[in-house]
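Under the working numbering, the first residue of the sequence shown is numbered 215, with each subsequent residue one higher.
The hints are simulated quantities; they were obtained by calculation from the structure and are not laboratory data.
Since the structure is predicted, the reported quantities are computational estimates derived from the model, not experimental observations.
Any given hint could be a false lead.
To be verified - With beta-carbon atoms standing in for the labels, derived distance ranges:
1) Asn-238 - Phe-315: 38 to 48 Å
2) Lys-245 - Val-321: 43 to 53 Å
3) Val-321 - Thr-242: 15 to 25 Å
4) Gly-319 - Leu-299: 32 to 42 Å
Backbone N, C-alpha and C define an ideal beta-carbon position, used for all residues, glycine too.
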Amino acid sequence: QRGYVPMSQTIVFGLDEALDKIGNYPKTVRKAMHGVLVDTELKLDKRAKRNLQPFYDGADPRNRWTGRLRASHGFVFKNQGMTLLYGPGVGTQEEIDYAIFVHEGTVKMPPRPWLRDAFNQTKPQYIKDMAKAIRGATD
């Protein structure tokens, strides 16, 4: 897909098997899990955009910061709503070919891993919320 640059890829071994098992869960459990993913997407989006802000604030005035990278973030749910894809260009038509260079850095520019940092900041609460949702849906 033109314009979509995968920022990083996380491989979860056993994910297919886990998704097969989730497919057998009662609808109430799957609905609760999807609700956590929706909430997590909102938190992830807020943190990712907040993490980008210091780079805009401290930008060299000769550089043109338009906010296009921040505006390009999108999301898509897959696997019947049980998988969340999030990042620049995901689910949008926005071309953000340079996002990977901003995130990972180049020989002339230090890395600015706003997305990885947002994921790491959001992950502990996601785990707690998911466990609580599953317990609540199964009680």
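Hint by hint, here is what the structure shows:
1. Asn-238 - Phe-315: 38 to 48 Å: Given a distance of about 43 Å, which is inside 38 to 48 Å, the answer is holds.
2. Lys-245 - Val-321: 43 to 53 Å: holds, 48 Å
3. Val-321 - Thr-242: 15 to 25 Å: For Val-321 and Thr-242 the Cβ distance comes to about 52 Å; the hint is violated.
4. Gly-319 - Leu-299: 32 to 42 Å: violated, 23 Å
In summary, the structure is inconsistent with hints 3, 4 from the numbered list given earlier, while agreeing with the others.
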